[in-house]
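Peer 1: Here is what each chain is made of, one letter per residue.
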Amino acid sequence: MENIISVKDVTFYYPGEESATLKNVSLDVYKGEWLSIVGHNGSGKSTLAKLLNGLLFPNEGTVNVADFTTANQEDIWEIRRQVGMVFQNPDNQFVGTSVQDDIAFGLENFGVPRTEMVKRIHESIERVGMQAYLNQEPHHLSGGQKQRVAIAGILAQKPSVIVLDEATSMLDPIGRVEVIETVRELNEKEGITVISITHDLEEALSADRVVVMKMGEKAAEGKPDDIFQQRELLKSAGLDLPFSLKLSEALRQEGIELKKGYLTQEELVNALWTLA
Amino acid sequence: MDISVKRLEHRYMQGTPFERRALHDVNLHVADGTFLALIGHTGSGKSTLIQHLNGLLKPSAGSIQMGEMVLEAGGKKQDLKPLRKKAGIVFQYPEHQLFEETVEKDIMFGPLNFGVSADEAKETAKKVIELVGLPESVLSKSPFDLSGGQMRRVAIAGVLAMNPEVLILDEPTAGLDPAGRVEIMELFYDLHKKNNLTTLLVTHSMEDASKYADDIAVMHKGELYLHGKPSEIFNQREALQQAGLDVPETVQFLLKWNEKSGQNLTLSAFTIDELARRLSESLKKRGK
Numbered sequence: 001m002e003n004i005i006s007v008k009d010v011t012f013y014y015p016g017e018e019s020a021t022l023k024n025v026s027l028d029v030y031k032g033e034w035l036s037i038v039g040h041n042g043s044g045k046s047t048l049a050k051l052l053n054g055l056l057f058p059n060e061g062t063v064n065v066a067d068f069t070t071a072n073q074e075d076i077w078e079i080r081r082q083v084g085m086v087f088q089n090p091d092n093q094f095v096g097t098s099v100q101d102d103i104a105f106g107l108e109n110f111g112v113p114r115t116e117m118v119k120r121i122h123e124s125i126e127r128v129g130m131q132a133y134l135n136q137e138p139h140h141l142s143g144g145q146k147q148r149v150a151i152a153g154i155l156a157q158k159p160s161v162i163v164l165d166e167a168t169s170m171l172d173p174i175g176r177v178e179v180i181e182t183v184r185e186l187n188e189k190e191g192i193t194v195i196s197i198t199h200d201l202e203e204a205l206s207a208d209r210v211v212v213m214k215m216g217e218k219a220a221e222g223k224p225d226d227i228f229q230q231r232e233l234l235k236s237a238g239l240d241l242p243f244s245l246k247l248s249e250a251l252r253q254e255g256i257e258l259k260k261g262y263l264t265q266e267e268l269v270n271a272l273w274t275l276a
Numbered sequence: 277m278d279i280s281v282k283r284l285e286h287r288y289m290q291g292t293p294f295e296r297r298a299l300h301d302v303n304l305h306v307a308d309g310t311f312l313a314l315i316g317h318t319g320s321g322k323s324t325l326i327q328h329l330n331g332l333l334k335p336s337a338g339s340i341q342m343g344e345m346v347l348e349a350g351g352k353k354q355d356l357k358p359l360r361k362k363a364g365i366v367f368q369y370p371e372h373q374l375f376e377e378t379v380e381k382d383i384m385f386g387p388l389n390f391g392v393s394a395d396e397a398k399e400t401a402k403k404v405i406e407l408v409g410l411p412e413s414v415l416s417k418s419p420f421d422l423s424g425g426q427m428r429r430v431a432i433a434g435v436l437a438m439n440p441e442v443l444i445l446d447e448p449t450a451g452l453d454p455a456g457r458v459e460i461m462e463l464f465y466d467l468h469k470k471n472n473l474t475t476l477l478v479t480h481s482m483e484d485a486s487k488y489a490d491d492i493a494v495m496h497k498g499e500l501y502l503h504g505k506p507s508e509i510f511n512q513r514e515a516l517q518q519a520g521l522d523v524p525e526t527v528q529f530l531l532k533w534n535e536k537s538g539q540n541l542t543l544s545a546f547t548i549d550e551l552a553r554r555l556s557e558s559l560k561k562r563g564k
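Here the protein sequences line up with chains S and L, keeping their order.
Numbering follows my numbering, with no gaps: position 192 of the first sequence is 192.
Heads up, my numbering is the position in the second sequence plus 276, with the first residue counted as 1.
Isolated chain L (complex conformation):
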């Protein structure tokens, strides 16, 4: 689904003494099928922006187009259900939102709300629980008897059960152990490819942003500060540092290596294997 954000502005508590401008003149186009990473330090406007994408927040000015649907400042009230079905948000610490007696009921809750039959919702629950790497036996358990990592997966399964076209992920791996973090990110990346999703990932991890994203949008002080391919974004260390961010570890290493060796390797290796390949090529060339 194409996403188009035009001149978006958001003011919290508008018309009160506490009014605060959280977004200003944000213009962003995300083409169907793109994996976009949204980065920026705390308070930069990332979360405010994504909450507009399924109508949780309304623009104070400007507009958002999600597929066919347009949400604009001062626009008429419209039925947001179709949009919310298509754009699934995985919030931070989504396991805090589990509430049902069993995992199965929790996952079925969304689909049932959108008018799916109970039988069909049950089938869906089976499918998505497998998708997130949990055994079917978990379905009959209480979500609160599961470990933190398992609860996170159940909560994600609940979003996937809606079969969304757009997946919006707000720091989905925060608080997970390193192994769990990799598993969850690989899960989302596989889904993104397999189901041809449009994915927006809000993250503090420059490594995840560089590794998975096609495009990166950098937010700073409520504005869109940079937007481009990972190789373009991570070539601008100074600009990133000014926005309270930095380059990923692979690029930090390349910068250190270039400085030590006087070489000028391009700063575009974003996985460890790619970095190793580039370094060994350059070493072997020198050896000859």
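Only chain S is shown next, with the shape it has when bound in the complex:
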């Protein structure tokens, strides 16, 4: 598979800290995949995210995006254009006084000409399904809608990667689904690579690959099927088991003979049905 991002042997210290926040982390992100990064609070997930688009720079090692590297000052703007970030708090990243101003803000920074700008604003707002809100003020929007506007702002830059840094953790259940569905469509239909830093295990279950961070190191990497069977690993990384796996385990303790732990409710319902 073709890499879009390569992180090599990265170690990172925050100024004044004695111990490294990231220790010798290497990671390949494949073009077009959905990669979930999970881990306990303070495991280094968000720091890693900020290294991916040159908001932070490694003390050791390299971060490459396509043919560019964050070590190279001239590459930074191109990297930030290609790797868009959606942060946790929807209220902290709305800069415009209306939806269209907010999307225009990023384009102005990149010096996009006005006619092109208008075109891109309309295109990107449609891709997140918010065209009816073009002239709305931010306080009329729900959290999920604000995050979709943030995503539109990124899309207008024609990015190749979207990084969600716990972008759904402050939203209600509906807002969460709204944002994830929007991003999923971009991932599936347009091939945009998604890196999602999340505490939501059910979301991580539907990723192509999962990386588990623990105490600043990469503790595991693999398909959700494999990662989520490793109970001890998950516990030690401050995580929990997904619902259907926990239920599978509880059913086994009740003496129900299941062949394995099932990851989704549908699989488990079907497995139980064949026993009945």
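Be a bit skeptical, because a hint or two may be false.
Calculated pairs, DSS-like style, for lysine-lysine (alpha carbon to alpha carbon, straight line, at most 27 Å) [said to hold, decoys possible]:
| # | chain 1 | residue 1 | chain 2 | residue 2 |
| --- | --- | --- | --- | --- |
| 1 | L | Lys361 | L | Lys497 |
| 2 | L | Lys532 | L | Lys505 |
| 3 | S | Lys246 | L | Lys536 |
| 4 | L | Lys532 | S | Lys260 |
| 5 | L | Lys361 | S | Lys246 |
Rather than coming from a laboratory, the hints here were simulated on the basis of the structure.
The hints should help you fit chain L onto chain S, whose structure is shown.
Peer 2: Showing chain L alone in chain S's frame:
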């Protein structure tokens, strides 16, 4: 402490062109010792409601009774200190409110403000830091040298130091990792039982609401939309979905199972163990 909310209305920025009605005709009784979960989508009025309970917001109409104290629209100014001592609020991201040089000073700040002696406040700090599962050695550290999860615990300890009778929790586990989330919720649940508290939990997690609460109040568009036991509330999936909510995972699973098997298991298992027990009983019955 009994809590009684009567015909409560709240308008933000009343008398200005920006006036907005956030609560309308809310009537809610919470009996002493109840664990109540308050659910509703963003903007439904949950946070506005709880801010009335210790006098941070005043009713535009209607009244709130907290124990003996009555706060009503147009009522006289009264000393809110006794109320604020009894009703402790843990706000969202409470660690953002830490400010002192040491954890100990931060925890002592509240009690000192309420006239407790320094020695007594120190003793309290020791007690509550243990209560939230942190070692005593943390007391001499700067709160800002702690991890996010530890800071959250310190902030919670600061509220517990007031020894409140009513605990109001505004999404206390937001942003925590899954293991931390369970630990914090278990901590509150233990306290609720041990100290016979009246607890109000604002949450987006239907799982936590179903697992811990005696009663659930659902807010929608500034009104009290549903109020009842978890088994009553989570039997009404359509109504919940209309309010932008859903049933917890255990109930979702029961619905899927009932549909597949043609059985009619009641939708009232709210923990994984309970659900497993119910499913295995029903499977074994069929096997015979």
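Peer 1: It remains to establish, for every hint, whether it holds in the given structure.
Peer 2: Taking the hints in turn, this is what the structure says about them:
1. L:Lys361 / L:Lys497: Not OK: L:Lys361 and L:Lys497 at ~31 Å, beyond 27 Å, violated.
2. L:Lys532 / L:Lys505: Given pair L:Lys532, L:Lys505 holds - Cα atoms ~22 Å apart, limit 27 Å.
3. S:Lys246 / L:Lys536: OK: S:Lys246 and L:Lys536 at ~21 Å, within 27 Å.
4. L:Lys532 / S:Lys260: Status holds; Cα separation ~20 Å.
5. L:Lys361 / S:Lys246: Distance ~41 Å between L:Lys361 and S:Lys246 Cα, so the pair is violated.
In summary, the numbered hints that this structure violates are 1, 5.
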